[in-house]
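Q: Read off the chains here:
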Amino acid sequence: MQTLKAVLREVTGLFVDDGSLAFAVIVWIGIVWLMFKRFHVPFPGGNVLMIGFCAVLIGNLIQSTRRISRKPKDRFRSGA
Amino acid sequence: METNWAHLGTSIGASFLASLVECVEALTVILAVGSVRGWRSALAGCAAAVGILFVIVLILGRALLRAPLHALQLVVGILLVLFGLRWLRKAILRAATLIPFHDEVTVFEKNTALASSTGSNSDTGSNSDTWDKVAFASTFNITMLEGTEVVFIVIAVGAGGTGMSIPAGVGAFAALIVVTVLGLILQRPLSRVPENALKFVVGVLLSAFGTFWVGEGMNLQWPGSDWSIVALIICYLALAGAMVSVCRRFAHFA
Numbered sequence: 001m002q003t004l005k006a007v008l009r010e011v012t013g014l015f016v017d018d019g020s021l022a023f024a025v026i027v028w029i030g031i032v033w034l035m036f037k038r039f040h041v042p043f044p045g046g047n048v049l050m051i052g053f054c055a056v057l058i059g060n061l062i063q064s065t066r067r068i069s070r071k072p073k074d075r076f077r078s079g080a
Numbered sequence: 001m002e003t004n005w006a007h008l009g010t011s012i013g014a015s016f017l018a019s020l021v022e023c024v025e026a027l028t029v030i031l032a033v034g035s036v037r038g039w040r041s042a043l044a045g046c047a048a049a050v051g052i053l054f055v056i057v058l059i060l061g062r063a064l065l066r067a068p069l070h071a072l073q074l075v076v077g078i079l080l081v082l083f084g085l086r087w088l089r090k091a092i093l094r095a096a097t098l099i100p101f102h103d104e105v106t107v108f109e110k111n112t113a114l115a116s117s118t119g120s121n122s123d124t125g126s127n128s129d130t131w132d133k134v135a136f137a138s139t140f141n142i143t144m145l146e147g148t149e150v151v152f153i154v155i156a157v158g159a160g161g162t163g164m165s166i167p168a169g170v171g172a173f174a175a176l177i178v179v180t181v182l183g184l185i186l187q188r189p190l191s192r193v194p195e196n197a198l199k200f201v202v203g204v205l206l207s208a209f210g211t212f213w214v215g216e217g218m219n220l221q222w223p224g225s226d227w228s229i230v231a232l233i234i235c236y237l238a239l240a241g242a243m244v245s246v247c248r249r250f251a252h253f254a
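Chains as they are written, first to last, in my numbering: chain A, 1 to 80; chain B, 1 to 254.
Quick caveat, the hints were computed from the structure, so don't treat them as lab data.
Quick caveat, the model's predicted, so the values are computed rather than measured.
Fair warning: there could be bad hints in the mix.
As the list claims (entries may be wrong) - Straight line, CA to CA, 27 Å or less: simulated BS3-like cross-link-like pairs of lysine-lysine:
hint: 1; chain 1: A; residue 1: K5; chain 2: B; residue 2: K133
hint: 2; chain 1: A; residue 1: K5; chain 2: B; residue 2: K110
hint: 3; chain 1: B; residue 1: K133; chain 2: B; residue 2: K110
Said to hold, decoys possible - Restraint ranges, calculated between C-beta atoms of paired labels, are given here:
hint: 4; chain 1: B; residue 1: G241; chain 2: A; residue 2: I31; range: 25 to 33 Å
hint: 5; chain 1: B; residue 1: A137; chain 2: A; residue 2: S20; range: 31 to 39 Å
hint: 6; chain 1: A; residue 1: R38; chain 2: B; residue 2: P68; range: 19 to 27 Å
hint: 7; chain 1: A; residue 1: K37; chain 2: B; residue 2: I234; range: 40 to 48 Å
hint: 8; chain 1: B; residue 1: F253; chain 2: A; residue 2: G30; range: 30 to 38 Å
hint: 9; chain 1: B; residue 1: L184; chain 2: A; residue 2: R9; range: 47 to 55 Å
hint: 10; chain 1: A; residue 1: G30; chain 2: B; residue 2: L65; range: 23 to 31 Å
hint: 11; chain 1: A; residue 1: K37; chain 2: B; residue 2: Q187; range: 51 to 59 Å
hint: 12; chain 1: A; residue 1: K71; chain 2: B; residue 2: A44; range: 43 to 51 Å
hint: 13; chain 1: A; residue 1: P44; chain 2: B; residue 2: G61; range: 26 to 34 Å
hint: 14; chain 1: B; residue 1: P194; chain 2: A; residue 2: Q63; range: 24 to 32 Å
Glycine residues also receive a C-beta, built at the ideal position from the N, C-alpha and C atoms.
Next comes chain B alone, as it looks inside the complex (with noise of 0.2 Å):
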């Protein structure tokens, strides 16, 4: 009972923020894209885009049903390691102003500007009603690139262990019905979303998950067993947190 609350809480917690972000950064576009160029085929490559990404779930969740639990946690646990320390890294550097923010309102804009200036839905008097290459594009391949990040995700979350995708999808369905609900009635990027401390918790919590994974697709002992994922969890957030002052005093004196 003890091992479940550990995994599902976490799970859920990782996939939730993880698919948060990318949602953000997915909406921030496809607004752009629709309100230059016309709802109808905005969304129609956004829900193309999420058709072939819940397809691909499927088979690979499936595929990865059959796979040798360990090497299934060596590998995720590898991949979520490389990807959650990325992550971590980032997010540490713009906490310490080493590199800039991420600006959803400069990304609408330029967005904006770019849908505008592309072969003009305006020039061929068309509207929403018609369809729109450009647009359909533009959102699919949006919807694709940050879907993918999203997939990646909820598998690598739910490889580690038997019954983890449930909850790894319920995580990232629901990050996905938050934006889409919040983009509907705000119908502006969503600026205020905290996207570096949400990156920052984000990279903690997978490369914890992943730290794990690889310690059990080798069969290394964890002291406290599958709880250790919350000291991982709270070593690293400890850690992260403190080498955003030592980077801040290291650029000062460099």
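Extracted from the complex, chain A is given alone in its bound form (with noise of 0.2 Å):
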């Protein structure tokens, strides 16, 4: 029961670490869809979808990288 358990944990931190991240990926998907599959705009939707990925991915490194920075004791502490 106990393996069973930490499988399942370690299923969900295969996706889910920082929650911020997850959340902002989900919902970029669903905008993307609610763009090109009800209002059909004119661009190569691959292209945005890539796009908002970038940008998630800027956002939250910088939002770690200060958040990291102003907790200079917690540096070096963890990392598995």
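Assembling the complex is the task here: the two chains are given apart, and the hints tell you how they should meet.
A: Structural data, given as structure tokens:
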């Protein structure tokens, strides 16, 4: 049972580490779906999808860097 | 023909590199447990987990063949993007020295100490010829945990198109063989494997695959069709490389 719990925890952890990153990715996919499937925006959809993911990653990295830099004592404390 | 090469090369490469990282992490713990508590139980735990994972791949693989392709691509794509961006984010923060690197030697020492202190096998006068539940459970757990990630990668990379499961499986199997052979020869953790560089590349590859499958699942247009996977890889690689120096400078001024 403990192994099963650990496997389930590990499976969830595969996709969600920083909750805000996962949330932003899902939200962006929803926005792209609305743009191209509901409102038929005349752009190459793949490019828009990619640009959004890049923006999400950049935003998250800057936020994480700011957070880590503000807590110098926490730096290099963990990192599985 | 062009389509096949764009998919084949990236599928094998992505699953090989991703599985290599997971196998190296599992090997460290297996070596620590095996060297302290005996190899018979340690390897049996490992083999039992590999057997179960193999059955999971067979069952899931067959079930996924019946799923509608676009829905499958969308679901798998979303999971791959989440998985890939998570790895990429961590690899960038590590490369920017904002979070510590994963050290296999430290993990090995920690697990060796843990295996020695948990109901020592030598206390009972046993050796590698007797069964050791702790060794079996430890190696079974780590193989299941790391193997689950390998299974997901193989299924996700292989789910995007017909016949893609085989190259994905070949890549993962090759990684398992490479790590097993190196483990048998060296009998110590593979600390020289540039784990963060591998995670960096794997994060890029999986993010690119995930983005492509999400787009395919939603029937979005890709310029260059299947070759856009290569363009996606280059874009993510360039972005990730640039973000390492941006994060480093940002941390310096923050």
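Q: Go through the numbered hints given earlier and state which of them the structure violates, listing their numbers in rising order.
A: 7, 9
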